[in-house]
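Mind docking chain B on chain A? Use the hints.
As you go down the protein sequences, you meet chains A and B in turn.
Counted from 1, the first sequence has number 34 at position 34 by this note's numbering; the numbering is strictly sequential.
To convert, take the position in the second sequence, counting from 1, and add 1000; that gives this note's numbering.
Honestly, the hints are just simulated from the structure, not real lab data.
Hints are supplied without guarantee of correctness; some may be wrong.
[As the list claims (entries may be wrong)] Computed cross-link-like contacts, DSS-like style, restricted to lysine-lysine with a CA-CA straight-line distance of at most 30 Å: (1) A:Lys38 - B:Lys1111; (2) A:Lys108 - B:Lys1111; (3) A:Lys121 - A:Lys38.
[Claimed, not checked] Computed far set for chain B versus chain A, every beta-carbon distance over 12 Å: (4) Ala1013; (5) Ser1027; (6) Leu1030; (7) Gly1031; (8) Ser1032; (9) Val1034; (10) Val1047; (11) Thr1049; (12) Thr1058; (13) Glu1074; (14) Arg1112; (15) Leu1139; (16) Pro1140.
[Stated by the list, open to error] What the simulated footprint calls covered on chain B by chain A, stretch by stretch (three residues with Cβ under 8 Å from a Cβ of chain A suffice, anywhere in the stretch; the number is not a length): (17) 1065-1071; (18) 1075-1083; (19) 1086-1098; (20) 1120-1129.
Glycine is no exception: its CB is placed at the ideal position from the N, C-alpha and C atoms.
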Amino acid sequence: MQAVTLMRAEERLPDGAAAPGRISDLSALLGTWFNTDKQTGGIARMVLAGTPEDFTVHAFGAASPELLDWGTAPAVAYAASVASPAGMAFSGVYDFGFLETSLAAYTKSGILVLDTFNVFKDGSGRSNYFSREFFHR
Amino acid sequence: MEPLRASRARDLAGAGPEPANRIIDPSPLLGSWVNFDAASRGLSRVVVTSPGAGGGMTVRTFGACSPAPVDWGEVAGSPFADGVTLSAAVGFTAFYDLGGMTVMLASYLNKRLLVVDAYTRFHDGSGRAAYFARDHFHLP
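Same shape as in the complex, but just chain A (with noise of 0.2 Å):
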């Protein structure tokens, strides 16, 4: 077997513990979530949806009249540790063409907290921007 790296001492399993091999459960990530802002002029809502193996995002961005479907990405999703096998958070990326927004995310007391990252690639000037939302199921 490969010797492990550690590059922090919070990757290092407990005592007894078994590794979980990948994460089995992502009830705490799966449905509809909406922004707490209903003003918001950033993520309107979230579906987080399917399987371990396929977990995908479909976002829609905050725009008038409509909000704008963003389509589906793939998601990775994280636990709270090395030992579990429950996702709380997830990270994902859209490419826009113009644009690429990686989002990363987590829970925190039935709230989704996301962090967006966004570049702009087409030349407009405008500044590459943080964002970062609340969102409730």
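What follows is chain B alone, placed relative to chain A:
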């Protein structure tokens, strides 16, 4: 001129018709950030530097470990502003490929604290779960 494209209203908020070619100023992020929790088992220190004009930045991360922190080395970071018309950095991302694992650092300023979220995936066959961890840093 082509109209600006947008994925959501915020992509256009305040953006005028003329491109400004803004460079994001990383200076609010610069420094040797020390974990507020001295007993953290995650990241102990994050050093953010800038090579100078041009808006670039580098990130050097140290993992909390005994008997000494583990130096992850230096990688390029990407600074982000608080909106499409602003230039002061309020957050950054950086990616580490550490061989048996990859780590995405997603970070932002909250008042005088730097919040660093680490999204870690293992590729070493150890069976450890991909995990999320958050640490808070200050400038001593």
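Checked hints:
A hinted pair counts as satisfied when its Cα atoms are at most 30 Å apart, and Lys38 of chain A with Lys1111 of chain B qualifies at roughly 25 Å. Restraint check for Lys108 of chain A and Lys1111 of chain B: the C-alpha separation of about 21 Å stays at or below 30 Å, so the hint holds. Distance check on the hinted pair: Lys121 of chain A and Lys38 of chain A sit about 29 Å apart at the alpha-carbon level, within 30 Å; holds. For Ala1013 of chain B, the shortest C-beta to C-beta distance to chain A comes to about 6 Å, within the 12 Å cut-off, and the non-interface label is violated.
Every beta carbon of chain A lies more than 12 Å from that of Ser1027 of chain B, the smallest distance being close to 15 Å; the non-interface claim holds. Look at Leu1030 of chain B: its CB is around 17 Å from the nearest CB on chain A, clear of 12 Å, so calling it non-interface holds up. Residue placement check: Gly1031 of chain B keeps its beta carbon more than 12 Å from all beta carbons of chain A (closest about 18 Å). Look at Ser1032 of chain B: its CB is around 18 Å from the nearest CB on chain A, clear of 12 Å, so calling it non-interface holds up.
With a closest Cβ-Cβ approach of about 15 Å to chain A, Val1034 of chain B is found to remain outside the 12 Å limit, as its non-interface label requires. No Cβ of chain A approaches the Cβ of Val1047 of chain B within 12 Å, the least distance being about 16 Å, so the stated non-interface status holds. Consistency note on Thr1049 of chain B: stated as away from chain A, and its beta-carbon is indeed over 12 Å from all of that chain's, at 19 Å minimum. Even its closest Cβ contact with chain A, about 17 Å, leaves Thr1058 of chain B beyond 12 Å, as expected for a residue assigned away from the interface.
Listed as a non-interface residue, Glu1074 of chain B keeps its Cβ farther than 12 Å from every Cβ of chain A; the least gap is roughly 14 Å. Every Cβ of chain A is farther than 12 Å from the Cβ of Arg1112 of chain B; the closest lies at roughly 17 Å, confirming the non-interface assignment. Against the 12 Å criterion, Leu1139 of chain B stays outside the reach of chain A, whose nearest CB is about 19 Å from its own CB. For Pro1140 of chain B, the non-interface assignment is confirmed: its Cβ lies about 20 Å from the closest Cβ of chain A, beyond the 12 Å cut-off.
Coverage of the segment 1065-1071 of chain B by chain A holds [criterion: at least 3 residues with CB-CB distance below 8 Å; count 3]. Three residues within the 8 Å Cβ limit are the bar, and the segment 1075-1083 of chain B against chain A gives 6, so the coverage statement holds. Only when three residues or more bring their CB closer than 8 Å to a CB of chain A does the claim for the segment 1086-1098 of chain B stand; here the count is 6, and the claim holds. Closer than 8 Å: that is the beta-carbon criterion, and the segment 1120-1129 of chain B has 9 residues meeting it against chain A, so the requirement of 3 holds.
Consistency with the previously given hints fails for number 4 only.
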